[in-house]
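Just so you know, the sequences run in chain order A and B. Residues in the first sequence are numbered from 1 upward in steps of one, following UniProt numbering. Residues in the second sequence are numbered from 1 upward in steps of one, following UniProt numbering.
Just so you know, the hints here were simulated from the structure itself, not pulled from any lab data. Keep in mind that the hints are not guaranteed to be accurate.
What the hints assert, rightly or not - Using 25 Å as the maximum straight-line C-alpha spacing, the simulated SDA-like pairs for lysine to any residue come out as follows:
#, chain 1, residue 1, chain 2, residue 2
1, A, Lys52, B, Asp32
2, A, Lys52, B, Leu90
3, A, Lys192, B, Leu90
Stated by the list, open to error - A few chain A positions that, by computed beta-carbon distances, are all more than 12 Å from chain B:
#, residue
4, Thr10
5, Leu45
6, Trp74
7, Ala94
8, Thr119
9, Ser127
10, Ser161
11, Ile172
By construction, the Cβ of each residue, glycine as well, lies at the ideal position given by its N, Cα and C atoms.
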Amino acid sequence: MYRVLIIGATSAIAEATARVYAARGAALYLVGRDLDRLSAIAADLGVRGAGKTAVSAFDVNAYERHQDVLDAAWAEFGQIDLVLIAHGTLPDQAACEASAELALREFSTNGLSTIALATAIAPRLKSGSTLAAISSVAGDRGRASNYLYGSAKAAVSTFFSGLRQRLNADGINVLTIKPGFVDTPMTRSFKKGALWATPDRIARGIVDAIDKRRGVAYLPWFWWGIMQAIKNIPEFVFRRIKL
Amino acid sequence: MTRPGQSWGRYPQARQRIVPLTDRRQPLPQVDGSVLPYGNGRSYGDSCLNPDGTLLHLRGLDRFIAFDSASGVLRCEAGVTLADIIAIALPQGWFLPVTPGTRYVTVGGAIANDVHGKNHHGSGNFGHHLRCFELLRSDGSRQVCAPGEDLFAASVGGLGLTGAIVWAELQLRRVPGPWMEVESIRFGQLDDFFALSAQSAHSHEYTVAWIDCMARGRSLGRGHFLRADHAPGDAGRHVPASATPMAMPFTPPMSLVNRLSLRPLNALYYHRQRAPRRRDSVHYANYFYPLDGIGDWNRMYGPRGFFQHQCVLPPANARDGIAAMLGEISRDGGGSFLAVLKEFGEIPSLGLLSFPRPGTTLALDFPNGGPATFALLDRLDAIVAEAGGAVYPAKDARMSGRLFRSAYPQWPRFQAHIDPKFSSGFWRRVME
Ligand SMILES: Cc1cc2nc3c(=O)[nH]c(=O)nc-3n(C[C@H](O)[C@H](O)[C@H](O)COP(=O)(O)OP(=O)(O)OC[C@H]3O[C@@H](n4cnc5c(N)ncnc54)[C@H](O)[C@@H]3O)c2cc1C
Chain A
1 MYRVLIIGAT SAIAEATARV YAARGAALYL VGRDLDRLSA IAADLGVRGA GKTAVSAFDV
61 NAYERHQDVL DAAWAEFGQI DLVLIAHGTL PDQAACEASA ELALREFSTN GLSTIALATA
121 IAPRLKSGST LAAISSVAGD RGRASNYLYG SAKAAVSTFF SGLRQRLNAD GINVLTIKPG
181 FVDTPMTRSF KKGALWATPD RIARGIVDAI DKRRGVAYLP WFWWGIMQAI KNIPEFVFRR
241 IKL
Chain B
1 MTRPGQSWGR YPQARQRIVP LTDRRQPLPQ VDGSVLPYGN GRSYGDSCLN PDGTLLHLRG
61 LDRFIAFDSA SGVLRCEAGV TLADIIAIAL PQGWFLPVTP GTRYVTVGGA IANDVHGKNH
121 HGSGNFGHHL RCFELLRSDG SRQVCAPGED LFAASVGGLG LTGAIVWAEL QLRRVPGPWM
181 EVESIRFGQL DDFFALSAQS AHSHEYTVAW IDCMARGRSL GRGHFLRADH APGDAGRHVP
241 ASATPMAMPF TPPMSLVNRL SLRPLNALYY HRQRAPRRRD SVHYANYFYP LDGIGDWNRM
301 YGPRGFFQHQ CVLPPANARD GIAAMLGEIS RDGGGSFLAV LKEFGEIPSL GLLSFPRPGT
361 TLALDFPNGG PATFALLDRL DAIVAEAGGA VYPAKDARMS GRLFRSAYPQ WPRFQAHIDP
421 KFSSGFWRRV ME
């Protein structure tokens, strides 16, 4: 049985991804903040075909608990074939500009905690397994409207790039997932246009990238082109435009 | 993908705030003004709309809670679609006890309209297979309702007005596999339909007829009678490719369904089947949900949308009433792309406002051609009223309050159970 650990399992993208693995009969270990919601999701995955489910509640910013939670997951499943780190928040950029304390806390949630978790997970993985994290296209270039989130995701992307090189020789695939706009509760208040994708579509892309052992996945694929264009705008022009 | 805030007929267009509920343990969101639950917008008119108010979008309540594959009892959140249920239950030998003609409706929507299918004569409505459901009311209370209770009778077929259904428990039915044994019989006139229907009610689980509503004179009411049963699962058979369903990619500037296209389409359909009788093995998806294969097909009616008119006429007046309606349509020449005829059985509905009742139901689609279409629909309503029949709220956008109130005489009893915070465009319209 394919064994999956998902951190941030109550996020819309994580839940949709978990459903794909449940339909394949996988075992799923779900970690998140809200035990009730985790339990509801675990029951759902069970009906959808998951071979086994287990849940554990913790806050990613409680760094001192990382090893315990990972120990529990490994103890439960013996070995884990896929770890998906999917937690995140959408910081209020203006509030982060007004408070360094808030800025650092958000940076911790969206960047540092993932780095800490990946560091603790890496030595536990065996050849053939995958470590995946949801970063964002927002990490490819800092924009005035959300650079706190973007810079935290940039840290994740760069960290994962290095980790991928390091673990490649051990047969462990490290995947950086870069979704564009996704229609989730996190982005409820946004006006939706043609570039917006559903969590289901992103989930299918994630599973496909994991199956194919890819290193970086822009989801949907067209974001690769969009980000190439945005990355190539010269800084002297970029600083003047609004994005 | 239907955008919340629209109904399937795309008429009327309404402005409303959309507030999602995605966690079944959360309280009802606090909003100004009235709210109405919204499932997947597969109702045609304004019964799933709340103009200038709030729609409580419940599609995100899409988790299963428990499924016992030995007994077929399924508990799930109200935003789970019938398609989701089939996907998990059919491989384990279970199917929906009752299903409408699209699988993209939510469990909550199926309850709130107490939907029926082609097996009404044997299995009744969706509500007959409910064991219980939980209703979230605006006073913060949660009530688990079971058959026999007042709030259950008010909420089944209750048009979303008694509170938000957050989860439900239903009894699925055993099937041998995904295949259907379908017999199609061509018939030449309306009386043949009644004969075939009477004959097939005891022998076949599913019956329905398609009518060529452009035909006149002696061939008035000609069509195809389809009767079917679940067939033993046969692994050797080829499952139809549904991986890349077609879809209407955009809304054409005008309706593609019009006088010019309707007559040949209807005649073509009638003559498609050469032999008077044909037997086929058909995959359940093609049998139950032929239209689901074309995504967003409602767009083909253009930006002004379209109307469905579905009525039921009591047995004593059914023959003459249906003939009068078909005569009216054929005279009008506007036609209907689809005319579906079915006899309901005797099983009494459980809901105070449930649509199904003994008699014959006719369903018709009309592009919105402005005042002329409204006038035709009013003439059809007059025939329904005369016959002592009823129009289906799930398919309605314009019936008069007077027709509604006389066809649903239990409405005063129902009204006592309405949640004070809940309202809909439909309800305000028919209560004026
Ligand atoms: C192609 C097609 C074929 C159809 N065939 C049939 C048929 O054969 N038989 C039949 O009976 N109907 C049929 N219908 C109509 C359809 O089954 C009903 O309109 C159904 O109620 C739609 O469900 P929905 O989830 O889309 O709900 P919506 O259309 O969004 O809402 C329907 C009603 O349910 C209420 N509601 C939704 N969710 C909840 C909830 N959680 N709690 C409380 N109230 C709620 C809404 O307020 C509204 O009053 C058909 C529709 C289409 C498009």
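Hints, verified against the model:
no.: 1; hint: A:Lys52 x B:Asp32; result: violated (44 Å)
no.: 2; hint: A:Lys52 x B:Leu90; result: holds (21 Å)
no.: 3; hint: A:Lys192 x B:Leu90; result: violated (35 Å)
no.: 4; hint: Thr10; result: violated (9 Å)
no.: 5; hint: Leu45; result: violated (8 Å)
no.: 6; hint: Trp74; result: holds (27 Å)
no.: 7; hint: Ala94; result: holds (24 Å)
no.: 8; hint: Thr119; result: holds (32 Å)
no.: 9; hint: Ser127; result: holds (33 Å)
no.: 10; hint: Ser161; result: holds (34 Å)
no.: 11; hint: Ile172; result: holds (32 Å)
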